[in-house]
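Using the sequences and the hints given, assemble the complete structure.
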Amino acid sequence: MTVKFFAYLRDSGYAGCKELQMPAPDTVRTLGEQLSHRFGPKFRGEFFSPAGDQLGERIIVMVNGRRVEFLDGADTPLRETDTVQIFPVVAGG
Amino acid sequence: MNNGYTGLILRVNLKKGTIVKEPLNMKNAGDFVGARGLATKYFCDECDPQCDPLGPENNLVFMTGPLTGTCAPSAGRYNAVAKSPLTGTIGAANSGGHFGPELKFAGYDGIIFEDVSDHPVYLYINDDQVELRDAGHLWGKDVYETTDLLNAECGESFRVACIAPAGENGCLFAGIMNDKHRAAGRGGMGAVMGVKKLKAVVVKGTGSVRVARPKEFFQDCADARDTLKAHPVTGAGLSAYGTQILVNIINATGAMPKNNGRDGSVFADADDISGETLTAKYLLRNKGCFGCSIGCGRVTDIKEGAFKSRGEGPEYEAGWSFGADCGVNDLAAVCDANFLCNQYGIDPITMGATIACAMELYEMGALPESDIGFPLRFGDAAAMVRCTEMTCKGEGFGKILALGSYRMAEKYGHPELSMTVKKQEMPAYDGRAVQGIGLEYATSNRGGCHVRGYVISPEVLGIPMKTDPLVTEGKAGLLKTFQDLTALVDSAGMCLFTTFGIGLPEVAAAYRDAVGSDESDEDILLKGERIWNLEKQFNIAAGVEKDTLPPRLLREELPEGPAQGKVNQLHTMLQEYYQLRGWTGEGIPTPEKLQALSLK
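Residue numbers (the working numbering), protein chains in the order written: chain A, 1 to 93; chain B, 1 to 600.
Rather than coming from a laboratory, the hints here were simulated on the basis of the structure. These numbers were taken from a predicted model, which means no experiment stands behind them.
Per the computed footprint, the stretches of chain A lying under chain B, defined by three or more beta-carbons under 8 Å from a beta-carbon of chain B, are:
#: 1; stretch: 49-63
#: 2; stretch: 67-79
#: 3; stretch: 85-93
Glycine is no exception: its CB is placed at the ideal position from the N, C-alpha and C atoms.
Next comes the structure, spelled out in C-alpha cells:
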C-alpha cells in the first residue's frame, strides 16, 4: 500500500517524507496507530482527536481520492492496492 | 454622517474632461452595500444592457465597500464593474492590495468613468485635488514601468491602478492591475479601460474611515482576527504555502483538469507544480494586502534557466491553467507565464485555458501550425510561455489568443472545445468530479468563475462542513447560500478568503457596527441575494445565453480517478436551484421575487 503526505506533514517531526510503501493494515484507524507509533506524538496529535477515538479535525484522510468521511470513516478497510493521501486542512482558490 | 462610507463619489466624463464630486446615493448604499453590489447598481441604473462593451456607452465603475480601509480583517478590496467584453454579462472584477483603501482615505467611495477620451489620460487624485492628466508618455508601457513612472511623477506614496499593452490592444481578458501585482483580473475590465484611453488612476489620501460604533466595531474586528489566526487555514496554511497548496488535494480528488479536460482530471506530475514545490524551490517570502493577517501572496524568484524571472504568484488557478491544463510540469515556466500576465495586465486563468484549447485544436489538426508559427502540443512549456508573451504583446497568433478560447475555437470550427461558460473560461476544478462547482459555473453571473460561490470549500476541503463531491443532493441550496454570502462579502470590501475562518455572523456584526445598522444577520444576507438578482436581471436584459456547461462536462465521462465514469449532473440540480431562488424554470426571477427584494 502507498501512503502519501502533503504540506507540513512532510516535514521532520511529522512524517518526514513525501510517501512510503507499507503492508496494508486492516483499517484507516490502524494505519493511524501504526504511523503515530512510527512518527511520534506530533503526528498522532494531527491524525487523531484529543480523545484519540476519532480522526483529528485538522487532518484530511483520503483513500484513493475519496475522503474517508464518505466511506466508513476511521473504520474504512484498506487493501494492498490502495493509495492513502493524508493532508492537513488546506484551502485556497 | 456617512459611517463606513465617505459619502462622495467622483463622476469623470472622459470625453468632456469633466470631474464632478457628487454625494453617494445612501439609499442604494443601504440596499446594495458597496463595492460589487453598489457599483452594479450604479451601472445598471445608467447603462443600457444592450450597449457595446467596447463602446462609449459602457461606463466603468470603481467602488469600495463600507469596510474597505477599516480594521476589519482583510478589508482592502475594491471592485471594477462594467459590461464585460468577454462575456457580455455584467463584469465585476475584485482586487486587493492597497488601492481601494487609499481611495477612501482620499475621500471617495468610488469613481464612475463615462464615455471615452480622445487621447490617453490618467486620473490624479490627491485628497481634494482631482484632475485628468495626459498619459501619452505612458501608453505602451507595461504595469511595472507605468507604476514606476507614475510614482516618480506623482510621489512614491501614491497608489496606482493601471492597464498595460494587453488592455490598450483590446485583449478581451485584460485586467486592471493595482499595486503592481494585484489584479481586478477577470472579464476584461482592462479592455474597457483601454477603449476609454484611461491608462491609470493614481491616488493618495490622508483621511480615514469613520465608523458608527467604534468600540463595538473594534471588538468585532479583534474577535474576527483572533478567529482567523486560530484557524489552521487562515492562521497558518495559506501564509505558509499560498493558494497553490490546493494542487495536490484537488488532483487527488480527480478534479484538476488536464490537457483542456480532454484527458480527464488526474495530472501525474501534480506535485511538480504544487505549493509544496513552489515553497521549496522558488518562494522568497509571503505577502499580504491591506489589513490582512493571512498573507497568501507569494513573492517568487526563478534564479536561473530558460524561464529565469521574478514576480508574485502564481495562485492556484494560474498554476493549474499554465500547468496541468496545458500538460506542463515545469513550475518555472508556469511562474514565468504568470509573471508575464501580471506585467502586461492579463487574466492568467483565461490565458492558460485559451492556450490549452489551442493545444487541443492543434493536436486534432483543426488549428494549422502556419497560423501559430510553431508546434503547440500539450506539455510544451516553451511554447506555452511563448503564446503568453505573444498575447501580452499583441503579436502574431497572440491576436487570436487575445479573443479568448470561445471565439478562437469558433474560428477554427470547434466551439465545443472551449471550456467556457458564457464565453469565460472555467477555473481549476472539474465539474464532473465535484458536482456542485459545475452548478456554480453554470449559474455564475459573470461566466465561468469559481469565486461567485466557492463550494469547493465544503465539497473538497470540508470547510465549514463536509459534503460529498460526487452527490448532487443538497448542492443547489448550498450554492445559493454561498453565492449570496459571497455577494455580501465582496460588497462589504472584505477578502473572500476570510470566509474560510469566519462567516455571516462576523461579517454582519462588522457591517452593522461600521454603518450603524440594527439589521439582523438574515436581513444583511438578503442584500447579497438582492445583488445576485440585480446581476441576473442585467444579464437577462443583455441577452446572455442560458445557464449551462460545455458539452465535455455533460457528456464525456471522466476516464480515471475517484470520479471515473462521472459527468456533471447539471439537469438534476438546476431546476432545484431555480426553485430555491424563486425563479422560473427558465431561470428568470419572478415578479414576486423581485418585489420581495425591492427590485423593479
